[in-house]
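Here the protein sequences come in this chain order: V and A. If you count the first sequence from 1, position 189 lands on 193 in our numbering, and the numbers rise without skipping. If you count the second sequence from 1, position 29 lands on 33 in our numbering, and the numbers rise without skipping.
Errors might be hidden in some of the hints.
Claimed, not checked - Looking from chain A toward chain V, a few residues come up when the C-beta cut is under 7 Å (computed):
1. Gly98
2. Val99
3. Ala247
4. Ile250
If you're looking for bench data, these hints aren't it; they were derived computationally from the structure. Glycine included, C-beta positions come from ideal geometry on N, C-alpha and C.
Protein chains: 2
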Amino acid sequence: MTGPITTGTDLARLRELNSLSVVRALRGNPPSTVTELASRTGLSRPSVDLITQILVSEGWATVIEPTGSSVVGRPARRYQFNAAAGYVIGVDVGVHKILGLVADLDGTVVHTVRRQVAPDADPQVRLAALDRAIADCFTKTKLAPDDLWALTVGVTGPVDATGRTTLFTPLPGWSAVDPVAYLTARYPCPVYVENDCKLAAVAERWHGVAQDADDIVYVLAGMRTGAGLILDGTLRRGYGGAAGEIGALRAVRWLTAPSHLENCPGAPETISPDDKAAWVFTTARAGNADAQTAVRRYVRDLAVGAAALVLALDPQVVVLGGGFSRSADLILEPLHRELQRLCLRVPEIRASTLGDESVALGALRLSLDEADQRMLSTGLSALSAARRS
Amino acid sequence: MTGPITTGTDLARLRELNSLSVVRALRGNPPSTVTELASRTGLSRPSVDLITQILVSEGWATVIEPTGSSVVGRPARRYQFNAAAGYVIGVDVGVHKILGLVADLDGTVVHTVRRQVAPDADPQVRLAALDRAIADCFTKTKLAPDDLWALTVGVTGPVDATGRTTLFTPLPGWSAVDPVAYLTARYPCPVYVENDCKLAAVAERWHGVAQDADDIVYVLAGMRTGAGLILDGTLRRGYGGAAGEIGALRAVRWLTAPSHLENCPGAPETISPDDKAAWVFTTARAGNADAQTAVRRYVRDLAVGAAALVLALDPQVVVLGGGFSRSADLILEPLHRELQRLCLRVPEIRASTLGDESVALGALRLSLDEADQRMLSTGLSALSAARRS
Numbered sequence: 005m006t007g008p009i010t011t012g013t014d015l016a017r018l019r020e021l022n023s024l025s026v027v028r029a030l031r032g033n034p035p036s037t038v039t040e041l042a043s044r045t046g047l048s049r050p051s052v053d054l055i056t057q058i059l060v061s062e063g064w065a066t067v068i069e070p071t072g073s074s075v076v077g078r079p080a081r082r083y084q085f086n087a088a089a090g091y092v093i094g095v096d097v098g099v100h101k102i103l104g105l106v107a108d109l110d111g112t113v114v115h116t117v118r119r120q121v122a123p124d125a126d127p128q129v130r131l132a133a134l135d136r137a138i139a140d141c142f143t144k145t146k147l148a149p150d151d152l153w154a155l156t157v158g159v160t161g162p163v164d165a166t167g168r169t170t171l172f173t174p175l176p177g178w179s180a181v182d183p184v185a186y187l188t189a190r191y192p193c194p195v196y197v198e199n200d201c202k203l204a205a206v207a208e209r210w211h212g213v214a215q216d217a218d219d220i221v222y223v224l225a226g227m228r229t230g231a232g233l234i235l236d237g238t239l240r241r242g243y244g245g246a247a248g249e250i251g252a253l254r255a256v257r258w259l260t261a262p263s264h265l266e267n268c269p270g271a272p273e274t275i276s277p278d279d280k281a282a283w284v285f286t287t288a289r290a291g292n293a294d295a296q297t298a299v300r301r302y303v304r305d306l307a308v309g310a311a312a313l314v315l316a317l318d319p320q321v322v323v324l325g326g327g328f329s330r331s332a333d334l335i336l337e338p339l340h341r342e343l344q345r346l347c348l349r350v351p352e353i354r355a356s357t358l359g360d361e362s363v364a365l366g367a368l369r370l371s372l373d374e375a376d377q378r379m380l381s382t383g384l385s386a387l388s389a390a391r392r393s
Numbered sequence: 005m006t007g008p009i010t011t012g013t014d015l016a017r018l019r020e021l022n023s024l025s026v027v028r029a030l031r032g033n034p035p036s037t038v039t040e041l042a043s044r045t046g047l048s049r050p051s052v053d054l055i056t057q058i059l060v061s062e063g064w065a066t067v068i069e070p071t072g073s074s075v076v077g078r079p080a081r082r083y084q085f086n087a088a089a090g091y092v093i094g095v096d097v098g099v100h101k102i103l104g105l106v107a108d109l110d111g112t113v114v115h116t117v118r119r120q121v122a123p124d125a126d127p128q129v130r131l132a133a134l135d136r137a138i139a140d141c142f143t144k145t146k147l148a149p150d151d152l153w154a155l156t157v158g159v160t161g162p163v164d165a166t167g168r169t170t171l172f173t174p175l176p177g178w179s180a181v182d183p184v185a186y187l188t189a190r191y192p193c194p195v196y197v198e199n200d201c202k203l204a205a206v207a208e209r210w211h212g213v214a215q216d217a218d219d220i221v222y223v224l225a226g227m228r229t230g231a232g233l234i235l236d237g238t239l240r241r242g243y244g245g246a247a248g249e250i251g252a253l254r255a256v257r258w259l260t261a262p263s264h265l266e267n268c269p270g271a272p273e274t275i276s277p278d279d280k281a282a283w284v285f286t287t288a289r290a291g292n293a294d295a296q297t298a299v300r301r302y303v304r305d306l307a308v309g310a311a312a313l314v315l316a317l318d319p320q321v322v323v324l325g326g327g328f329s330r331s332a333d334l335i336l337e338p339l340h341r342e343l344q345r346l347c348l349r350v351p352e353i354r355a356s357t358l359g360d361e362s363v364a365l366g367a368l369r370l371s372l373d374e375a376d377q378r379m380l381s382t383g384l385s386a387l388s389a390a391r392r393s
């Protein structure tokens, strides 16, 4: 039985897989020889050799020539991923703040920008502040517009496929704006807008407390309560971008849960709701009975929505994030007890440690995913060109 | 730039993809020529030629020699998938009945067996009845044990990775039995046990009203209320096999929803709860005010759990299945209205038309998936062997 089993068309598919394997084997590793890369990818040395040469000619890898002289054989040259070949930005556009992160293609953060925004700022003011934050990223890192490979922005409320939040958002007037169109007109790279809870969930799996998990329910616990879902390792966006919005259902009590903290007897009347919640947690920790009751009632209500998600999805991990996760010492244990009462199988509950950078970090991760796609598709065409020549 | 870009190892991956493509292009199509298969798969004619020859030698395809004589050129031989190369079984083990389906590798049902079981039957009696139902499948279809490629059984309650329902099941005593061990000792093929709502959801995407959808919330509406989830085209099992069990949460009202039907004033006291629900739907349809109120209250409670799933997952379609879906004319419209009130984005709601075969059909589909895997892995080794010779 003879005859070729593969054709040029068939090989294109294979080359795509192979070049991705080599890029992955280079990134996040010390400089590597062709032999090391072949062993790490399972590809042949000649395949790896060809792919690394193309990566070098495209500027995505650098060659490190062997130093010194070995007495045994000829020392091999090594290859290193050129993380500075491109940059990505992730921005959290919140009610009170704008937080932007710039990273290289390895995901290493090279600049952080943080600006306050008035909670009642109208959308044009908020967009202008976003624009200035991004401009600051360019100035401080001396990047040219073409150096930016992707820009992702996180906002509150369900985000549809066009990046708009027409169903609902607490950002004043934001449901009327088109942030993708606004940013695309200013920056030449692909622009994405995504929901803040979803991005925070992505961040927990990338750099947070859920790196080992493929099935994650992220609960944002703060003066608003929200959720982001990662299922089978994939961010669950939903058919219309509105997954995770279970908090809108009165029956699961997330709408009213924070009111137990806000209405705690004894709290100073003059401070903001956020500060009042912080006061309640601090006072409860110090032993105040009213504050402890308020926290207990808050957790009991938080647990109903969390239980609905746990029963619906049976995740490996529940991550407690958001501002109140700073008081995880008062929340985790009673939350676990409530879930034991309400659920058939209780997953592990872990408190986020990413602080208020989680949304911007998740935005950075989505930007890096886009950069990976670009690298892959450009790499593929380069490989095909090499093959033809 | 020279040197081979592929190696023998790399090619094994490609062959797996290619042989699967050809099997898929053969199945569910009329007898096809190599040219037709090449065009349908995008593979080269020599590749398809080699793969079809192996499929024929393995008994998975048959050759149809050209009949008559063509005046233009030599008529081509055609290949047909041999669906009778193997068979699969799917069984629904319910509280009241055991329903088994036998199908060939194309999924065409060749035999159906249905047996009554007493609702209070102890697990050994139920397993014996299951055994007799499967034996009936073998007898009536004249299958030998080796002809059976996979056996999947659907049961009520969350099923863990070992096929057991230790958390909870309404089948008396069933949480103590190990149905996979029981059946594996009797039949030489792979055996799977899965939750009934999950299997019904699979059936809706395979042969039911959700064939166009990748994101499906299936709601089983009957004297019990349950859910099965398909997300991104994949059945959501959950980390511990307990996904879809949101009905266990009192706050979403599925536990008590059917009681509105059971306690409807005027219903005959002597009939079973199931018959009472049927009586309520019939009487409501005839205009009885009490029955209409009972249905309205039932739907209002059903909608809370459905809304929790819709808000959490934002599916494309909600499928209303289970015994009460026969009364979809009374349920769909008020359910849609309630979801509009409770949800941010309301998906399409469709009533199942698969009747009481849906769980067994879903079990059949999982058995066919296993058969596909077997075909693929055996085909792959045959291809490798051919390559080596």
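Results for each hint:
1. Gly98: violated, 21 Å
2. Val99: violated, 19 Å
3. Ala247: holds, 4 Å
4. Ile250: It holds, given that the least Cβ distance between A/Ile250 and chain V is near 4 Å, below 7 Å.
This entry does not satisfy hints 1 and 2, going by the numbered hints stated previously.
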